[in-house]
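There are 4 protein chains.
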Amino acid sequence: MELNVGVIGTGDIGAEHVRRLSAEIAGARVQAVFDVDADRAAALAAEVGAVAHKTAQDLIDDGEVEAVLIAAPSPVHAELTIACIEARRPVLCEKPLAPTSEECVQVVEAESAAGARLVQVGFMRRYDEGFQRVKRAIDDGSVGDVLLAHCVHRNAQSPPFFRSEMLLTDSVIHEIDVARWLLSDELVAARVVVGRKSPLAPDSLLDPQLVLLEAASGAVVEIEIFVNCQYGYEVRCEVVGSVGTASLDLPSTGVLTTAGNRSAPVPLDWKGRFGQAYRDELQEWVKGVRQGIVTGPGAFDGYAATAVAEACVKSLQTGDRALVSMTPKLSGP
Amino acid sequence: MELNVGVIGTGDIGAEHVRRLSAEIAGARVQAVFDVDADRAAALAAEVGAVAHKTAQDLIDDGEVEAVLIAAPSPVHAELTIACIEARRPVLCEKPLAPTSEECVQVVEAESAAGARLVQVGFMRRYDEGFQRVKRAIDDGSVGDVLLAHCVHRNAQSPPFFRSEMLLTDSVIHEIDVARWLLSDELVAARVVVGRKSPLAPDSLLDPQLVLLEAASGAVVEIEIFVNCQYGYEVRCEVVGSVGTASLDLPSTGVLTTAGNRSAPVPLDWKGRFGQAYRDELQEWVKGVRQGIVTGPGAFDGYAATAVAEACVKSLQTGDRALVSMTPKLSGP
Amino acid sequence: MELNVGVIGTGDIGAEHVRRLSAEIAGARVQAVFDVDADRAAALAAEVGAVAHKTAQDLIDDGEVEAVLIAAPSPVHAELTIACIEARRPVLCEKPLAPTSEECVQVVEAESAAGARLVQVGFMRRYDEGFQRVKRAIDDGSVGDVLLAHCVHRNAQSPPFFRSEMLLTDSVIHEIDVARWLLSDELVAARVVVGRKSPLAPDSLLDPQLVLLEAASGAVVEIEIFVNCQYGYEVRCEVVGSVGTASLDLPSTGVLTTAGNRSAPVPLDWKGRFGQAYRDELQEWVKGVRQGIVTGPGAFDGYAATAVAEACVKSLQTGDRALVSMTPKLSGP
Amino acid sequence: MELNVGVIGTGDIGAEHVRRLSAEIAGARVQAVFDVDADRAAALAAEVGAVAHKTAQDLIDDGEVEAVLIAAPSPVHAELTIACIEARRPVLCEKPLAPTSEECVQVVEAESAAGARLVQVGFMRRYDEGFQRVKRAIDDGSVGDVLLAHCVHRNAQSPPFFRSEMLLTDSVIHEIDVARWLLSDELVAARVVVGRKSPLAPDSLLDPQLVLLEAASGAVVEIEIFVNCQYGYEVRCEVVGSVGTASLDLPSTGVLTTAGNRSAPVPLDWKGRFGQAYRDELQEWVKGVRQGIVTGPGAFDGYAATAVAEACVKSLQTGDRALVSMTPKLSGP
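Listed in order, the protein sequences are those of chains A, B, C and D.
Just so you know, we're using the numbering used here here: the first sequence kicks off at -8 and counts up by one.
Just so you know, we're using the numbering used here here: the second sequence kicks off at -8 and counts up by one.
Just so you know, we're using the numbering used here here: the third sequence kicks off at -8 and counts up by one.
Just so you know, we're using the numbering used here here: the fourth sequence kicks off at -8 and counts up by one.
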């Protein structure tokens, strides 16, 4: 039988997940949805043949719901994830696991107390074929010892509610998780450099920013985050090792040559760029949950990423290098 | 509810379809399989929780089977497809629809007699994002009037049973369908040029071959088919118009730079290259069948492709340009 | 001391050669020029500090002129080249050596009678770094036995005087020479296929054309010539061997990403594309002549190319495959 | 008449200049050479038909020498350049103009006192077609306001005498000059970050290093310098503006596809990568000097680059951000 999934949060990304689960994922169906905007939830529920619940807890408690996907705003992530753990529901929580590492610790401890692996965090880049190829080139020794990584993360325009810290907590958090995963290492310090502000970014937004992360091995991960680059969505990553480098390719399916130019389109947003990764993330999660296992990035990964993002925010605020503060006694998954 | 699919033929590609339907396609499950190799069918049936039937007709007659996928050898394609039509089962038949245009005509007429669109032919390239981009560049006028197309179709090694005609009927038939679809035009003549034979191809195999197809508009489609190129699987297509050109990009997810070289892997086979297209083909077919419609390439497309392939074979045998012989009174879908 | 060069013909390409010899080539200076347009010749002579002669023969007879470069119209190439041979002047004649193979034979015989290697033909592509890399990949065995080659030769617009045969005698002649040189083989037959005419080509011009050349080894060289492609100048070449392929890269020095597109400029004409090749051709020729040797493509190469072009023209006129007619007793350089 | 050039220093790069001037540059010849290794100088002088002088001053004083190229070790650059200025010889001095900004100031003041533009510094990247294209994209407004730049500078192996500071003073100095030139701005602060050391770099060498330069506009230039990357020589530059980005392309003349890989060679060293730039630098310099003008990067550019490199060294030594100290009253060229 198909896995009955409940989805909390039906905004931009939540609605995308609901539609993808219904139309593209084998072995799953959306059983229930919830959103604080009841009309939005009801409309989407009708579209995919699901129930719209009155509260998130109702959804979690729904006996028909076998697994939960949380795409609500970040501030309620920890609380909802813990509620899922308490109901012993496997849960896929969109990143970040929580805005503060303190809340993340609570999630890790709740899962630990439950004595079962239940939580996955939506770091979908680990499912991208390009990032996976980079990881294989590291893991099989092709590039030697990893010394540096260069990352670029650009969005065409930032949403209206974006603040300077969110470039770190909501955008760079992807690079933080990727760096930990690629390097199989923890990040121990962060430095954020802010230079010339784009005249096209909102007045209060420090955009772009340059982030330097230090791994325990000493490797340095350098990241450009620029959320008002205007031209499109672009994610790049090059890992520099002692004998070679491995890079993502910019995705391209075709080239048009006209009027003196050879050109390829740049994706407009993350949907165009990471469709394959989101689909594989969901498919793997559904497949695993039906078999009783969760294999993706877990609560500890969510905690570690938030802890590093907190160090980034501290560096942004102080102008100095900031150490990452992590509780060592927390065991990872 | 999920669509119950029966799959006839569980060889290389048949097994791939069965597994993909079970693991990656929303809204479908494999209800039954059949193969002349009963053990192979039984093992695959057990793997995905399906029934293994004793004959193809038993599968078609199975009241639980709502749609049929035919991946049996080409010589039985027409017969099986007609049996599906008679049972009013929507059917996705792997290419070619039949080895002879005469048989294809019988399928087209059977479907016409049934008074319903039931047949889709497995020309999965129409679902490839790269080919779709090329088509958009033609359809939106970006390249102007199409004058020429250059295609390359290379396999690392040919299977042992391959004969010289099969480069045309089993491989180039993909380019034939793509050409008809991209150009929105019929192909009216063919010429096959055979030059120097690869020393690594089997003795009896004329490999590579160069094929020139003429469209009704006068546009010429030039195709290299080379099924023992050794290095990997590669498909290329460039459409040349009066004001520009549109090309597929070679797929690449990453680049490795070591020891004086920057390199990207070439897919080993069509599974690596066309995974996205096969999946989208199946997903679209399943989605459509559940809604009572078939939208992909149909019986007439299968007929037209085989008729053009027959002209290619005639040219290969005679050394002369051969006209495509098609029955004009057959109406397309 | 610098080599005193006389240049006959100061039109587009002749003027380019004069200026390049003066400004970019070590060890050479332009001593004299001649053109039927005396004013044009005088102006250019003044610009570079050369003498303008009243006739081509005067230039050849000028005791100060040590070597001659012929950039006059094709019909007078043979006559002028023979005059240079008779004056024992090393001569670099722009391609084609002559419009007819009959005239080319006269040049080969004149040089043979002179008993010295004096003639070089302006097939500058042999000096292009990209073509040289392709040749190395063939010569060092990287691609195995050469089976096929695919060439593309596109110009944005054709000059007003262009006729359908000139696509073969003036444009494809470059590919003919390249094919002979890359394959280290003679071309024995030609077939020209004309399909849909570009609506943007002049009425009387059959453009584009597809040319198939057969080498003695059986290898087939397929060439698209399209002289009104509108978008720019593009030359491509891929050699397909039994174990691999070698291709030119499209030249690119930079990429611009703006407004949803990543784009690289296409050169407008051959000057932008082959500047490095023209310069190296001249520099090598000057260096060699000063040392008393001529190392580039010679009179026999010019003859062979014209003979193949004649077969192409015959095929264009008859619609049939045409054999190349070459005098075997003529010895190559 | 050809310009008679004297070359001081006939080591690796000096010998390259001597041979290039003799074999590839129009309007120049090497009249004299000097090297502390008299045998090496004599051999090279014999090769190109030049005189070998006993001292650098003898060469500068040689009445036949019309212009001087300095490729001696950095510590004597300033002294020799000033000697040329005093002899009123146009002089092209290899980078850096001097190891210390103090010496550079003396050169600037000497030239100022001479009242004539005589000095050019060998920042040959300004002549690279790729960098020129990036500059055009900035200057014509294509990328908007420049906010960031990402640079990569990798060598396969460092020479035995290399010390950690030299990654900054001898390698990054190229990026420093390029940044000033591309951004049309001064650099005001530097920060050097050293992370994990390559196990293949010499023990005492901090390699790689990450350099952050701040322009007066606030734009940040981020540079990876890695002189033991093993795989080859690679230079990259991407400028990020408010509406787009402009990048160098990695140079490639051809692609080879064999055995599951599509690959392009990486240049082994700067000679392979910047041949065109070195040649155009020399050709432009020779042409200008013959016309009595010097147009390339001048003494002030040399001074500014060294001043920025000094700030980099200070940051490397202290671990802190360092301000660039420049004398504002010195007027640029």
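Read the hints as simulated data drawn from the structure, not as lab findings.
It should be emphasised that the depicted structure is a prediction, and the values quoted were computed from it without experimental measurement.
Heads up, some of the hints might be wrong.
If several chains are the same, the list does not tell them apart, and a pair holds so long as it fits within one copy or across any two.
[Unchecked claim] Result set (EDC-like, lysine to aspartate or glutamate): computed pairs, CA atoms no more than 16 Å apart in a straight line:
hint : residue 1 : residue 2
1    : 262       : 3
2    : 188       : 136
3    : 45        : 30
4    : 126       : 28
5    : 278       : 38
6    : 126       : 240
How the hints compare with the structure:
1. 262 with 3: within (11 Å within a copy, 33 Å between copies)
2. 188 with 136: between (35 Å within a copy, 10 Å between copies)
3. 45 with 30: This pair counts as within: shortest intra-copy Cα distance 11 Å, inter-copy 52 Å.
4. 126 with 28: The answer is neither: 40 Å in one copy and 40 Å across copies each exceed 16 Å.
5. 278 with 38: Between copies only: 15 Å across chains, 24 Å inside a chain, cut-off 16 Å.
6. 126 with 240: This pair counts as within: shortest intra-copy Cα distance 14 Å, inter-copy 24 Å.
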